[in-house]
Every structure is written in C-alpha cells, then in structure tokens.
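Student: Read off the chains here:
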Amino acid sequence: AQSVTQPDIHITVSEGASLELRCNYSYGATPYLFWYVQSPGQGLQLLLKYFSGDTLVQGIKGFEAEFKRSQSSFNLRKPSVHWSDAAEYFCAVGAPMEYGNKLVFGAGTILRVKS
Amino acid sequence: DVKVTQSSRYLVKRTGEKVFLECVQDMDHENMFWYRQDPGLGLRLIYFSYDVKMKEKGDIPEGYSVSREKKERFSLILESASTNQTSMYLCASRDREVNIQYFGAGTRLSVL
Chain V
132 AQSVTQPDIH ITVSEGASLE LRCNYSYGAT PYLFWYVQSP GQGLQLLLKY
182 FSGDTLVQGI KGFEAEFKRS QSSFNLRKPS VHWSDAAEYF CAVGAPMEYG
232 NKLVFGAGTI LRVKS
Chain P
75 DVKVTQSSRY LVKRTGEKVF LECVQDMDHE NMFWYRQDPG LGLRLIYFSY
125 DVKMKEKGDI PEGYSVSREK KERFSLILES ASTNQTSMYL CASRDREVNI
175 QYFGAGTRLS VL
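Read top to bottom, the protein sequences are chains V and P.
Note that the working numbering numbers the first sequence so that position 73 is 204, with each residue one more than the last.
Note that the working numbering numbers the second sequence so that position 53 is 127, with each residue one more than the last.
So here's chain V without its partners, still in its complex pose (with noise of 0.2 Å):
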C-alpha cells in the first residue's frame, strides 16, 4: 500500500525568502503525486502534479515540484513566497493502475509566513 510523509509539521518562513516543503513516498512502481494546497476554512486546491516525463513539474502560484525517483520524494518549492501563501500543503500520492485512483494524503505541512 502506498504512503506518503511530510516531515515538517510546521514550517516558517520569512516573506521574499524561498521554500521548500518536503514529501517522500512509498509506492512499489511509478506513483501519481500532487500538492495541493488549503487556506483557512476553504477546501483543497490543486497546485500542482506529477504523472510521467519530465520530472521537474510547474504549478500555478509559482510553485514548482521535482520528482526524484531515487529518493522517493516530490518536493514543493517556491523562490519567493509571499504573505498569500501562508496555508497548509498537503502531498498526495495516487495508484495509476487502481480503480477510481484513490489518493493517500501527507499528514500536512503548515506554512507561516512572516513579515
């Protein structure tokens, strides 16, 4: 069965600084990943996703994702966060071959930004 972690509970970050959240996965064969994100008392947006080629993959807010197969991880970044972007992230990772393609969630990772 599949599995995904987030390490960093909490993340802080001050605004114009760059970021980087953290996902590592365990899944036997080439998994599909996503980041989404969700603000206080909404639902969850997708940011972003992987499913194949290049592994470097580019969302919207302008965020980016690299895919590394050698260390089972996607991880989220940003160059330049703003105040906007203090939200809680979650990575998900889903089976290409099963039916409906459920997903399993991270544990989350909530981001503050300082001004």
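In case anyone wonders, no lab produced these hints; they're calculated from the structure.
No false leads were slipped in.
Label pairs and their calculated CB-CB ranges:
#, chain 1, residue 1, chain 2, residue 2, range
1, V, T143, P, V172, 33 to 39 Å
2, V, T186, P, P135, 34 to 40 Å
3, P, R118, V, T161, 20 to 26 Å
4, V, A160, P, Y84, 36 to 42 Å
5, P, M128, V, R153, 34 to 40 Å
6, P, K131, V, T161, 24 to 30 Å
7, P, M128, V, P210, 43 to 49 Å
8, P, S156, V, Q173, 22 to 28 Å
9, V, P171, P, E91, 23 to 29 Å
Here are the simulated DSS-like pairs of lysine-lysine, each with C-alpha atoms no more than 27 Å apart in a straight line:
#, chain 1, residue 1, chain 2, residue 2
10, V, K233, P, K144
11, P, K129, V, K233
12, P, K77, V, K192
13, V, K233, P, K77
14, P, K77, V, K180
15, V, K233, P, K131
16, V, K233, P, K127
Ideal Cβ placement from N, Cα and C applies to all residues, glycine included.
Chain V is already provided as a structure; the job is to place chain P on it using the hints.
Tutor: Same frame as chain V, now just chain P:
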C-alpha cells in the same frame, strides 16, 4: 469552472443523531469521494463511489454509510453520531480524463 458544493459549512449535532452530509458536483464526474480531515492526520478516505449506486469502503468506513442515487450527488450518512466523529469532512469528485480530484469547501461537524 469545476464546482463541488457541500451543503453546509458548519453543523452542530447531538450524540446519537442521524446526520446527512450532502455533496453535489456539476461536472458529470463518475467518481466521488468522502474524506475526513483531522489535525496531524491529513485526509483519510471514508468511502468512494465510482458510479451511480456503486460504493466502496475507504480506509475508515466504520460508523459511516453513503448513498449515490444520482450521478451528481453523493451523501455521507452518520447513522448515530458520536463525539469522535467531530471533524472536517471533505467531498471530492474526480475528472477521470485528467486524473484530478476537485474538492468542496468542507463541512465542519461538531458532535456534542
């Protein structure tokens, strides 16, 4: 634009009550999902439905049931609410062509 609508943002219920959480999507998606979100645990799948009248248990189905009578609507039912079901509940529907799940805004349920 994709739209998944959950009927209530906040609900307060008493222990033992029967509770219905409703979710409607307007994208004609076949697959729909109910998750529960708790701090430090992320999202956990309760049930999903891959088509009308079809359902499958997720990782934590105990104490819940679901109904999918029409394609656009997926209901989560708590037969007898308990305090440990106090949580945020998120509904999602999946676009199979692009393999993306779209989420509703969530229902925060408190069981007293």
